[in-house]
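Participant: Below are the chains, spelled out letter by letter.
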Amino acid sequence: MVVVIGGGCTGLGVAWDLILRGVPVTVVEARELGSGTSGRFHGLLHSGGRYAVTDPVSAKQCRQENEVLRRIAPSAVESVGGYFVSVDDGVESYMRDWIAGTQSAGIPVTEVSVETAIRRLPGLNPRVQRAFAVADAVLKGFELLDLLRVNGERRGVTILTETRVTQVQTVNGQVSGISVRTKDGERRIPCDAVVNAAGPWAGQVAQLFGERVQMELSSGLMLIYSNRMVPSVVNRLAPPGDGDIVVPHGRTVILGTTEVPQVDPEPPEPTRESAEYLQSLGQAMFPEMNRWRILRAFVGVRPLFEGNGVVPQSRVSRDFTVVDHGRQGGLQGAFSVMGGKWTTFRLMGERTADVVVEYLHQSSPSISAHTVLEPDAPREKHSASSTICECERVSEAQLLDQMAEPFDNWRTRTWFAMGPCQGTMCAHRAVSLRMQYTDVEGGLDELTNLRRERERGVRPVAWGTNARELALTEALSCQTLAEGVAHDHLR
Amino acid sequence: MTTCGDVIVVGRGPAGLLFSSLVAQNRGSVILVADAQGSFPLWGGQWDFCNYTDDGEHVLDPYQWWQQHPSAWDEVRDASTWTLRWQHLMTLWQEIGIPVPDRVPKLNRWMVTPLGQLRPTYWVANWHFVMERPGPLVFVDVPGLVDFRAEVVARVYTATTGQMAKTFRLAVPSGWRRDWHALNWAWFLDSKAGQDWLGQALRDQVRAGEEAVVFPQILGVDHCEEVLEVAQRVLGRPVAEVPLPPPAVGGIRIQRRWEYWLRRHGIQLVSARVTAANRHSVTLQDGRALAADAVVLATGGILGGGLEIQPSGSVRNTVTGAVIGTLGDQLLGAVGHRNWDESVPVIGRMIQGWNPDKRGNGGAMNLWTAHVAYQAFIGHTALAREN
Amino acid sequence: MWQAADACLKCTLCVTQCPVVSVNPDFAGPKALGPEWFRRHQAGTLETMAHVDDCTFCQLCEAACPVDVPVAHLIAAHKEGTIRSWRHRLRDEMLARPHRVAVFARFSTVPTLVRSVGAISQKTPLPRRHRESVGGLGPPLAKSQGRVALFRDCYSAGYDPGLLDMAQALLSLWGFEVVQLPRVASCCGAAAYAAGKPALARKTAESCRRELALGPQVSAWVTLNATCDGTLREEWPRYFGLSLDAPVLPFDEVALSASDEFWRRMHLVSASNVPLITHTTCRGKVARGDGHLTKLARRAGFSRVEPSVAACCGAAGSYAFKVEHEDTAQALAKPLALQSKRVKPQGFMTDSGTCAIHIEHVTQVQTRHPAYWLYRQYQRYLQEGSGQ
Ligand SMILES: Cc1cc2nc3c(=O)[nH]c(=O)nc-3n(C[C@H](O)[C@H](O)[C@H](O)COP(=O)(O)OP(=O)(O)OC[C@H]3O[C@@H](n4cnc5c(N)ncnc54)[C@H](O)[C@@H]3O)c2cc1C
Ligand SMILES: Cc1cc2nc3c(=O)[nH]c(=O)nc-3n(C[C@H](O)[C@H](O)[C@H](O)COP(=O)(O)OP(=O)(O)OC[C@H]3O[C@@H](n4cnc5c(N)ncnc54)[C@H](O)[C@@H]3O)c2cc1C
Ligand code: SF4
Ligand code: SF4
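Chains as they are written, first to last, in our numbering: chain A, 27 to 517; chain B, 959 to 1345; chain C, 7 to 394.
Same shape as in the complex, but just chain A (with noise of 0.2 Å):
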């Protein structure tokens, strides 16, 4: 059996990956699926078209896998179309080093009419030069993430979740074995093999297995607008850089994104210097950005790896990379991948299960490329229900289907207090509605950090009209509902 640490799309992309070739895997991931970077990306799947100058291989990893995920994960992946739009002066050579590049990787690529260009994409700046179409497309993070969950589990994955390895076990310089920490105390899960998929705690992971690994994480800011402004994707056509993508996303639209590096894998704090900052080169796109209502801000951590410490073993691209450890002389059975994207998860799995089932002595081929992750069969609609949350038009029903699942997954699965409100009027009736389940002190908490982690994603874009909500989301928790008042004395 192998054991995955980590629960972002790589580590279920290698877990997929290997139950499909028949081997038995375990993911262990500390907190919930997609909490680590997975759940805090920019939603695009590349067209390739970004890195078609910097990054050729990795650009026809994406224009591959792009074309593979829409095979197979065609509800996660929502076909809006893209654009690459020169609004600056002076990218003349990198903008023919760019068509050549899109050529050569074999990245399909339509040029429309300034015109065209800017009626398809209301607000445009009007001084845009040349406009290219590609494929890019929405990548619904938090869908494929449970597909591969409920594909994975349907074949014999197990996954559990809040369970942190703390130790990695080895026989004879062979891993036989993981030490986890769940709330419920410590065990252990004895395996063959260990991957270490743990995205930005990568390094920290390979400190269990006595290895040292340097990362180089850095941190990229994103900006959630309230309203789908642009239908498609649009990159702005100059060497990759900082604010260059906006990306629609469900009804919003997602401005990013920032590079700082940085050494701690946890996402730092968004600021507002950086969001005005952020905002300033997206308007470089869209001059009327700034009037459009802004909602909040997220910060996701890269998880990079520049090879230092230990000799990669395939390099398959200067974008991802897995590790054998044993092979570099280091713990038999343990394994790493660093480094990669949303966009390339299926392949990074694919290429990790052909070292990982060498080591055990298997030969079957990897068939994800062409396994069509079925949703789950719809539930059955609950008849009529009220309306909790009504921004994302979230039912009582919908969020009864989802009690069962711990508070945050709660909210990523029926999206309730993510639209423009970001949960003024609907984390109080949420909760209460959780709360003739569990008990009131549990329920009173839970609202407390809601409105908590809300508040970390809004306060740094508090301008305009946004600070009016934030305004508005203080009055009503502090004055109409009384949140997080003690009254022990009343007994």
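Simulated from the structure, these hints should not be mistaken for lab results.
All residues carry an ideal CB built from backbone N, CA and C; glycine is no exception.
Treat each hint with caution, since some may be false.
Estimated spans, in silico, between C-beta atoms of each pair [said to hold, decoys possible]:
hint : chain 1 : residue 1 : chain 2 : residue 2 : range
1    : C       : 330       : A       : 463       : 38 to 46 Å
2    : C       : 96        : B       : 1132      : 28 to 36 Å
3    : C       : 121       : A       : 463       : 14 to 22 Å
Position chains B and C with the ligands against the provided structure of chain A, taking the given hints into account.
Facilitator: Same frame as chain A, but now just chains B and C with the ligands:
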């Protein structure tokens, strides 16, 4: 009685309405300019005096608290001044037709929140449920009303007070829809048909007992006294309401009655955004100018729109354009002018140092600042007359 | 492109001020039908919601909104997507062009059969033509104030030409030189917008603008009808990119600035203690605010003036004429009927012709425009002997 000169009030929230009333009561003429509805329909209309100390402890005796806590105004320590001002509010509301007891309370009382918790409050209309100390209660569950789950309210209430709480579920009238919010119920119950239906529906709930029956705030809008009277008669016990998040029916009742009273008193309501002002005139967004003896900004802070936060974090008065500071990590409700008498007098939530969210003193803030501005205003006009 | 269509705070203030919400429990309200619908629409959803047509386009929601969401205008765009029966479509096409209908001002005699086939309400009375002979009011009281245009709205032009003449007589008395424009029947576009036809509204407005351009240079545009007032001043520039070269002013505001001598004379009239209820129409409240009519009536010497308790009388342009809205329209007017019973006024003063018919119908009390009441009062003054 003094007759005041003309005044322009910007903002029609509680502070603006109160200040306008002070002027109108003394036969001054008022032009009330606002670009939007004020905050009343967002809350239940309870006027808090002071609910919490710095450490978040409950305050039981707000008079005492104010006596011990000096503020920008020395007078604020004086209990008798407070009493006079609350008494003025009492008679004003009675005249307007907002039912209140004919004596101002000495202490804070407890109200129940939509989650069943308790919090202090001071000044409320008669429809608003308050108690001196927790006792057994009956909560009414209203189908489809997601802001108030009586079962949960009762459990939380019992868990926090140790008191018994029962519930019963209201039936639904024909034509009811699951997505009815509090205001839909209230408008329905406002009608004769609604009141008849309620009487019928409550007949099944008549049981022995004396506990007060607590409804979520849905019992009518303009005719809420009649609706309450029906409920009380049928149930044979005291009936009162818990205010809910918006649409907050209690605040709507007050807003409607108060604005109507002001219109009867001849005030002119101008709907427009003010983009510039000085002590004697305002400029509207469409370029028009209005002039008067005095201008007062009751523009409501960040939520009300009188203050605007820029991306950089600097805080700007939307009317005068003055930058008054930078947002730190304080609650947004704490942001405001340090003093009422800036280039143009500001009242209500425009003023720093009260912080209704953290302190629970929103009502006191409106009351005090409106009176301070009014005193200054009659001072000015008296002076102007002498000269 | 919309401005602030994405700004909604979900504060619900719009819902609390919507008159239709107060009488029609099936109406989802402005927040759901406006910004919430629009957000889904912008994300590609095509479906429309039930009862969106019940919105009167009074715009009170928009006036209440703290962040300037064009709530009512989003609802108008929402209405555009609803599917209606051919009868309703035909009727709506007609009602959206009130200036054409008004040309054949025999509307009030539409036979019952036609009404029912045409989905026209049987309960709501249709406009009938006022016939009044209007004379001058004597020499101006003030020195020349320059030339203003009196906006000849389609309703007054078709049904109440006398009102235009009264307003003109008063304006002349106050020292203005008056031209009535446009010369040919033409509509500002409000009716089409209210019916959920923004494109037709724009076309109508543009052609009206062209008509207005044919007139002479003026220093102000004076409107009699609050709906036209708001449309010309606020919607033309904001939604149609049309502008007039002089400010648009409602008649009652111009009246309030009449000379002291005028008001002195009005106070000399004996019959001035007739009880009067002033009803600022919904669109008047939105465009200008409330309380002007009360102030005007009091200044004109009506000592027993009471403001109306209703936010909107329910007429809302052609809304009340549509059979599917007649109940809502009646319900909206009910508070006025009750108030009228209580106060027993001799008249209502209101700033719209269509609202006047509706109020008159539900209260059985004469309901007229401020220009009418001022004109009549001043005429009394002249009759009672201006020598005082
Ligand atoms: C700002 C930003 C924008 C991006 N945008 C895009 C994009 O638009 N398109 C795209 O294709 N890619 C994008 N990416 C890249 C992509 O999101 C990441 O490469 C990918 O999500 C990484 O997934 P992962 O599974 O490797 O890591 P994670 O999702 O972080 O998963 C690692 C998991 O390991 C768990 N873990 C850690 N330690 C332990 C332990 N000891 N025991 C058990 N579990 C543990 C963590 O809780 C975590 O859930 C973006 C990245 C960033 C930072
Ligand atoms: C959700 C909520 C719950 C509350 N609960 C309580 C409570 O429990 N107890 C309590 O005592 N108080 C409560 N309050 C009231 C609060 O504490 C304040 O007292 C109140 O909101 C302040 O009112 P205000 O009159 O200063 O401003 P607001 O009511 O905000 O009014 C501001 C007005 O100014 C207008 N305006 C702003 N800028 C301009 C401009 N440039 N031009 C023209 N007009 C402008 C706005 O349109 C609006 O009409 C609550 C408020 C809210 C929102
Ligand atoms: S325009 Fe009037 S009727 Fe329509 S939603 Fe707004 S307030 Fe209600
Ligand atoms: S449209 Fe305006 S008034 Fe209505 S909920 Fe949204 S912000 Fe509030």
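Participant: Tell me the hint numbers this structure goes against, listed in increasing order.
Facilitator: Those not satisfied come down to hint 3.
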